[in-house]
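Participant: Kindly generate the complete structure, drawing on both the sequences and the hints.
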Amino acid sequence: MGEFSSTELMVIVAARELRDGESVLVGVGVPNLAANLARKLHAPNLLMVYESGTIGSNPSRMPLSIGDPCLVSGAKSVCSMFEQFAYYLQGGRIDVGFLGGAQIDKYGNINSTVIGDYKAPKVRLPGSGGACDIASNVKKIIVITPHEKRRFVERVDFLTSPGFADGKDNWRKLKLQGGGPYAVITNLCTFKFDEVTGEMTVASLHEDATLEQVQENTPWEVKVADKLERTLTPKQEEIEALRALDPERIYLR
Amino acid sequence: MGEFSSTELMVIVAARELRDGESVLVGVGVPNLAANLARKLHAPNLLMVYESGTIGSNPSRMPLSIGDPCLVSGAKSVCSMFEQFAYYLQGGRIDVGFLGGAQIDKYGNINSTVIGDYKAPKVRLPGSGGACDIASNVKKIIVITPHEKRRFVERVDFLTSPGFADGKDNWRKLKLQGGGPYAVITNLCTFKFDEVTGEMTVASLHEDATLEQVQENTPWEVKVADKLERTLTPKQEEIEALRALDPERIYLR
Amino acid sequence: MDSNKLMSMKEAVSKSVKDADTVYLAGFTHMIPFAAGHEIIRQGRKNLTLARATPDIIYDQMIAAGCAKKLIFSYAGNPGVGSLRCFRRAHEKGIPAPLEVEEYTHFGLSGRLFAGATNMPFLPMRTNLGSGLPPENELIRTVKDPYTGDEVSVVPPLKPDVAVVHVQRADASGNSHIWGITGEQKDTAFAARKVIISAEEIVEESVIRSDPNRTLVPDFIVDSVVHEPWCAHPSYVQGYYDRDNAFYVEWDKLTKEHESTLKYLDEWVFGVEDRSGYMKKIPQSKIDSLKPKPALSAPVDFGSV
Amino acid sequence: MDSNKLMSMKEAVSKSVKDADTVYLAGFTHMIPFAAGHEIIRQGRKNLTLARATPDIIYDQMIAAGCAKKLIFSYAGNPGVGSLRCFRRAHEKGIPAPLEVEEYTHFGLSGRLFAGATNMPFLPMRTNLGSGLPPENELIRTVKDPYTGDEVSVVPPLKPDVAVVHVQRADASGNSHIWGITGEQKDTAFAARKVIISAEEIVEESVIRSDPNRTLVPDFIVDSVVHEPWCAHPSYVQGYYDRDNAFYVEWDKLTKEHESTLKYLDEWVFGVEDRSGYMKKIPQSKIDSLKPKPALSAPVDFGSV
Chain A
1 MGEFSSTELM VIVAARELRD GESVLVGVGV PNLAANLARK LHAPNLLMVY ESGTIGSNPS
61 RMPLSIGDPC LVSGAKSVCS MFEQFAYYLQ GGRIDVGFLG GAQIDKYGNI NSTVIGDYKA
121 PKVRLPGSGG ACDIASNVKK IIVITPHEKR RFVERVDFLT SPGFADGKDN WRKLKLQGGG
181 PYAVITNLCT FKFDEVTGEM TVASLHEDAT LEQVQENTPW EVKVADKLER TLTPKQEEIE
241 ALRALDPERI YLR
Chain B
1001 MGEFSSTELM VIVAARELRD GESVLVGVGV PNLAANLARK LHAPNLLMVY ESGTIGSNPS
1061 RMPLSIGDPC LVSGAKSVCS MFEQFAYYLQ GGRIDVGFLG GAQIDKYGNI NSTVIGDYKA
1121 PKVRLPGSGG ACDIASNVKK IIVITPHEKR RFVERVDFLT SPGFADGKDN WRKLKLQGGG
1181 PYAVITNLCT FKFDEVTGEM TVASLHEDAT LEQVQENTPW EVKVADKLER TLTPKQEEIE
1241 ALRALDPERI YLR
Chain C
2001 MDSNKLMSMK EAVSKSVKDA DTVYLAGFTH MIPFAAGHEI IRQGRKNLTL ARATPDIIYD
2061 QMIAAGCAKK LIFSYAGNPG VGSLRCFRRA HEKGIPAPLE VEEYTHFGLS GRLFAGATNM
2121 PFLPMRTNLG SGLPPENELI RTVKDPYTGD EVSVVPPLKP DVAVVHVQRA DASGNSHIWG
2181 ITGEQKDTAF AARKVIISAE EIVEESVIRS DPNRTLVPDF IVDSVVHEPW CAHPSYVQGY
2241 YDRDNAFYVE WDKLTKEHES TLKYLDEWVF GVEDRSGYMK KIPQSKIDSL KPKPALSAPV
2301 DFGSV
Chain D
3001 MDSNKLMSMK EAVSKSVKDA DTVYLAGFTH MIPFAAGHEI IRQGRKNLTL ARATPDIIYD
3061 QMIAAGCAKK LIFSYAGNPG VGSLRCFRRA HEKGIPAPLE VEEYTHFGLS GRLFAGATNM
3121 PFLPMRTNLG SGLPPENELI RTVKDPYTGD EVSVVPPLKP DVAVVHVQRA DASGNSHIWG
3181 ITGEQKDTAF AARKVIISAE EIVEESVIRS DPNRTLVPDF IVDSVVHEPW CAHPSYVQGY
3241 YDRDNAFYVE WDKLTKEHES TLKYLDEWVF GVEDRSGYMK KIPQSKIDSL KPKPALSAPV
3301 DFGSV
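Residue numbers (the numbering used here), protein chains in the order written: chain A, 1 to 253; chain B, 1001 to 1253; chain C, 2001 to 2305; chain D, 3001 to 3305.
No wet-lab data here; the hints were simulated from the structure. There's no promise every hint is true.
List of simulated lysine-lysine pairs, DSSO-like, C-alpha gap at most 30 Å [claimed, not checked]: (1) B:LYS1192 - B:LYS1040; (2) D:LYS3256 - A:LYS149; (3) A:LYS139 - A:LYS168; (4) D:LYS3159 - D:LYS3070; (5) C:LYS2144 - B:LYS1175; (6) D:LYS3046 - A:LYS119; (7) C:LYS2263 - B:LYS1122; (8) A:LYS119 - D:LYS3253; (9) B:LYS1119 - C:LYS2046; (10) A:LYS122 - D:LYS3070; (11) C:LYS2159 - D:LYS3144; (12) D:LYS3263 - D:LYS3253; (13) B:LYS1122 - C:LYS2069; (14) A:LYS119 - D:LYS3159; (15) B:LYS1119 - C:LYS2256; (16) A:LYS139 - C:LYS2194; (17) A:LYS140 - C:LYS2194; (18) C:LYS2015 - C:LYS2194; (19) A:LYS173 - D:LYS3144; (20) C:LYS2015 - A:LYS139; (21) B:LYS1122 - C:LYS2253; (22) B:LYS1040 - C:LYS2291; (23) D:LYS3293 - A:LYS40; (24) A:LYS119 - D:LYS3018; (25) D:LYS3291 - A:LYS40; (26) A:LYS119 - D:LYS3256; (27) A:LYS122 - D:LYS3253; (28) A:LYS122 - D:LYS3069.
Which bits of chain D does chain A cover? Going by a derived footprint, with three or more residues having C-beta under 8 Å, they are [claimed, not checked]: (29) 3028–3039; (30) 3081–3092; (31) 3096–3107; (32) 3120–3134; (33) 3180–3186; (34) 3238–3247.
Chain B residues, not near chain C, derived (Cβ > 10 Å throughout) [to be verified]: (35) PRO1044; (36) LYS1140; (37) GLN1215; (38) TRP1220; (39) ARG1230; (40) ALA1244.
Owing to the predicted nature of the structure, the values given are computational and were not obtained by experimental measurement. Even for Gly, the Cβ is constructed at its ideal location relative to N, Cα and C.
Facilitator: See the structure below:
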């Protein structure tokens, strides 16, 4: 991949998954870039919502944290933290939520809490924040993550945010109102999820990545979609629009 | 009673029950007069709260309804209807609440819902509004009511707002956070409530009213406090301050 | 998502309100969308379930006009005046048609809306116990508190089919600034499947975005926006007009009989085309007398970087 | 009720914060009351239960200083930067002392505060099920929904002993205008037994009363009012100052070792008398660089009659 970094590739692929008019719960960093990019390119009416309670934000810079006042200046509406989770997320008003984490398994369950044992952690991570709430309530969960063996695991050390549990049948018993995981976007491929089993399935390979590479970096036997696609190469227009969003390359390393 | 009407008497007696610094949930009409009178006389820091969500109101006229914008102009704070009931009443932040109704029994239970049968009403009254919520959550309930036989009843047709249920022991089992009925102020006397049984008890006789008159207008055998008091006659200062609050005599008929 | 949702009240009602819908016209005795109620009457909607904490005169009119089969409420009075005679006539005597009631305390009803707006499974609350209301309403139930073992009263979410929310100012896509007594406006909008915003003023999006904390209803939950000055007459709108109290008092006399009520409806609802036709019938001197003196809020600074 | 509650942060902390209290310094990465945290450290409070959705740098400092025995939280990171090293050192290695944790999702923790603020017996919520959090936290329980029969996750109210809420402007008795990201400020104030308000500006009561919808905290639940400009540095305050992001990045380096952290505390917390002493150590050029361009809200009219 010559003209763009793997982070740039992932952000551009993620931006393409967003539809005009959708409401997106955005985090800081890479998801923020993906949402802003989609807004500039094909989804001008994408509604950006942040878990700090800002609705229809129009940030003048890359927000430094979820509580950055630049998410408020010129926003459509602001509400309290509890109200954001109650009226918007639990209210079923959010179409897409971005999640990340230290580990993910084949059903899209995510760990952002702890490496090792919960009571005697090897590495204590920040924890759920809004992640579990987002996973439980949005129509589509999108995960952006580098494709590394330490991140893709057979079993997460701690299940912070539910994907399709240990399969879609048991997930249904939880009666979460959300639609569950929708896409996992890595530097190698885009996974979608099997409609019946809820298992992660390679849907599209990026650039010159191969199924072998994907398998090498995934500890379980990867399922492949019946119609495996080849991801469209990022266009110059996409790359330029993206770089203009992060001129200091804070996130586009 | 020569120089003041029985309504004026009741309002003045009610105003005296309010302590400086207390928070009072005020209704329109007579309770509004009592609270404003107390504020002018001995309780400048009385906090007036209305169920429409206004806190620290400073109305420039007698409010026309609970939703009168004059309760907002110059108030300390305003919140939504649900928030008023949740943060203030259920939050245990209100000391005194005024209630009225068509019927009251000897435990201070109030009916403001229906005369006759609920399903086939003889007279359909407005219903609880916030009354049951107030009765369940304030520290002291004060009732202002003309002393009439049709209002004081053995058993209310419908129990809208709980007083001491059918006695304080059973009331305790409801585990309401409020303190229950505190005073019933009529044109003849002030009732307080027996600490053990929760029964209405004549605490103070107004002007030249007699226990016989009270008994005649109360269908059960009235209990009398060990130390029965004589209500202080309204002072000129009280009467004048009250009349200035309702110059058009909308409520002071 | 169409960002310009402006249309007439006639179009908005025709598009969003169907027979047998559950309808909630918001406003806790403040900013009651009378113009929407009148348009629903003119369009002859039937079998509606009317929900409002305080039915007020507007639902009295809709009940008299025969729009309603059921009322969900917490205080059915003419605020500051007395009874709602049309409500009572329907409920007590079945005139013009029997009226079913479903009744709560204010906390119970506003709690149902809050639970509807936030999609809570149910709302536990410290009220109802000891009252005669729960035995008459099987939707008021109890659960056992898993922390104390106590019995706790709960109510279910209320999710109206249509909400009409009147606001002081909105932009063309429906972002709405509301101030003064905000009542159940926000909760009603979030609880409902379809939302009609009517506004005293339509302003530029930049006015809304200059103060996002004031936006209680964001555009993406709004279906229609109606520019409807004086929508709330005879009720009040903070900063715009006072209540026409003489009318509230007069309503008590106008509605002594069902026939006299119909005469009012004939003249003031069926006899006009829309709200501007209604306002033309009101003397200018009356209109002038309802306008308040201005009292502007101190500005705040939303600057960030 | 004393209507003038103005005092220094030193007096307010001394009066309201006791050893072993549960303390909540509010602010969802915005308007974090750093000055209150520093004063609590200076006064040597011990065995505190520190509650905050986002512990942020301020609790990292209090943990390093040995004030805390327990942390109640939902996201323990350095927002936008990475880890909170002092939190991790205490929790993973017991340095300077073991740190117990009680952990929720953001909705769970903000829901506990909401339930505390409104004195709800418990709060049912659509989250937690399927997550590994409930098995590790016995306060997250379930009840059976009396309408659907489904299992529903619930959390209990959280009622801190003391809340510190930083606001843009307050009057001397504590009525507080808050705007921008209002986070959990209101809920924290209502949930707590004692409330300390710190404000960028103390204004006349008339300024507050010109816009009562903006008053998220009313005076009668407030115990102390502290006029503390720049209280939230290095975090941000809408309309007043931007985040000192260089410090957030630097904190990651400063805290690589417990000893280097103590060195920071010696200089910037123990080495100054109060917030104004702290601010004197910051170059004017840095202070100037954090000030935003003004962006005033469009006024609204609160006129009634």
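Participant: A separate judgement is required for each hint: does it hold in the structure or not?
Facilitator: How the hints compare with the structure:
1. B:LYS1192 - B:LYS1040: With Cα atoms ~25 Å apart, LYS1192 (chain B) and LYS1040 (chain B) stay inside 30 Å; holds.
2. D:LYS3256 - A:LYS149: 28 Å, holds
3. A:LYS139 - A:LYS168: This hinted pair holds, its Cα atoms lying about 15 Å apart.
4. D:LYS3159 - D:LYS3070: 15 Å, holds
5. C:LYS2144 - B:LYS1175: Status holds; Cα separation ~13 Å.
6. D:LYS3046 - A:LYS119: Judged against 30 Å, a Cα distance of about 23 Å means the pair holds.
7. C:LYS2263 - B:LYS1122: 27 Å, holds
8. A:LYS119 - D:LYS3253: Holds, at roughly 27 Å.
9. B:LYS1119 - C:LYS2046: Within the cut-off at roughly 23 Å; holds.
10. A:LYS122 - D:LYS3070: This hinted pair holds, its Cα atoms lying about 19 Å apart.
11. C:LYS2159 - D:LYS3144: 21 Å, holds
12. D:LYS3263 - D:LYS3253: At roughly 12 Å apart (the allowed maximum being 30 Å), LYS3253 (chain D) and LYS3263 (chain D) satisfy the hint.
13. B:LYS1122 - C:LYS2069: It holds: about 20 Å lies between the C-alpha atoms, which stays within 30 Å.
14. A:LYS119 - D:LYS3159: 26 Å, holds
15. B:LYS1119 - C:LYS2256: 23 Å, holds
16. A:LYS139 - C:LYS2194: Satisfied, since the Cα-Cα distance of roughly 20 Å is no more than 30 Å.
17. A:LYS140 - C:LYS2194: 23 Å, holds
18. C:LYS2015 - C:LYS2194: 10 Å, holds
19. A:LYS173 - D:LYS3144: 14 Å, holds
20. C:LYS2015 - A:LYS139: 27 Å, holds
21. B:LYS1122 - C:LYS2253: At roughly 21 Å apart (the allowed maximum being 30 Å), LYS2253 (chain C) and LYS1122 (chain B) satisfy the hint.
22. B:LYS1040 - C:LYS2291: Within the cut-off at roughly 29 Å; holds.
23. D:LYS3293 - A:LYS40: 25 Å, holds
24. A:LYS119 - D:LYS3018: 29 Å, holds
25. D:LYS3291 - A:LYS40: Holds: LYS3291 (chain D) and LYS40 (chain A) sit about 29 Å apart, inside 30 Å.
26. A:LYS119 - D:LYS3256: 23 Å, holds
27. A:LYS122 - D:LYS3253: 21 Å, holds
28. A:LYS122 - D:LYS3069: 20 Å, holds
29. 3028–3039: holds (count 3)
30. 3081–3092: Since 6 is at least three, the answer is holds.
31. 3096–3107: holds (count 5)
32. 3120–3134: holds (count 9)
33. 3180–3186: Held - the stretch 3180–3186 of chain D has 7 residues with a Cβ nearer than 8 Å to chain A, which meets the minimum of three.
34. 3238–3247: holds (count 5)
35. PRO1044: Its Cβ never comes within 10 Å of chain C, the nearest being 23 Å, so this holds.
36. LYS1140: For LYS1140 (chain B), whose nearest Cβ neighbour in chain C is about 17 Å away, the distance exceeds 10 Å, so it holds.
37. GLN1215: 28 Å, holds
38. TRP1220: 20 Å, holds
39. ARG1230: 34 Å, holds
40. ALA1244: 20 Å, holds
Violated hints are absent here; each numbered hint is respected by the structure.
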